[in-house]
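Single-letter residue listing:
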Amino acid sequence: DSGVTQTPKHLITATGQRVTLRCSPRSGDLSVYWYQQSLDQGLQFLIQYYNGEERAKGNILERFSAQQFPDLHSELNLSSLELGDSALYFCASSVGVNQETQYFGPGTRLLVL
Amino acid sequence: AQKITQTQPGMFVQEKEAVTLDCTYDTSDPSYGLFWYKQPSSGEMIFLIYQGSYDQQNATEGRYSLNFQKARKSANLVISASQLGDSAMYFCAMREGWGFGNEKLTFGTGTRLTIIP
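In order, the protein sequences belong to chains A and B. Residue 63 in our numbering sits at position 63 of the first sequence; the count goes up by one each step and never skips. Residue 1022 in our numbering sits at position 22 of the second sequence; the count goes up by one each step and never skips.
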């Protein structure tokens, strides 16, 4: 158990809908990262937050947004969902800037029908 | 160009044998970190081992060791005395640069390792 929690574990929804994925980092970790794992794109970095502020942005679609709250949990919001958004979404956390290891949560498996 | 290349899509290894999973990387930044993660069929990503670009010695963690050849830009994972529980996907990843905004990981396509009893 990495100490990173993600809810829900599975999510099935329809095209056009909006969902929210939630992540709680390990105790003491200030950085939260979101990654998407899909069959065609592999594992891709989406976005990073550090202590409530956006730190880095990757291949995140405009339909997707994220935030990190004062208690350091983070949410990834996916809207106007398309079939191609079906993927495993991981949250990872690390202590902070320049800390080497990111620990991953169990992931949320999203299926868009 | 691919930042991380894993050329072995799948490998079959006899139980108790050692196995080497290949990883080559491409970066012009002198400061970087290399990671290996294991993804069992259940889906979670498990951190295995880390090697920094300035580390003088190869990293080791229990049965895992990293064969780091900087000049060749390779960071192969070696698993000694393989076990059935080692069957999983293995990903090599890299963090380029240091400091603000440089913490993201870039992953390879993975190698599916199957341990044969």
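Hints are computed from structural coordinates only; laboratory data are not their basis. Hints may be right or wrong, so weigh each one.
[Unchecked claim] Chain A is faced by these chain B residues, among others (derived, beta-carbon under 8 Å):
1. 1012
2. 1033
3. 1045
For each residue, glycine too, the CB sits at the ideal point set by N, CA and C.
Here is how each hint holds up against the structure:
no.	hint	result
1	1012	violated (22 Å)
2	1033	holds (6 Å)
3	1045	holds (4 Å)
Comparing the model with each earlier hint shows a violation of hint 1 alone; every other hint is respected.
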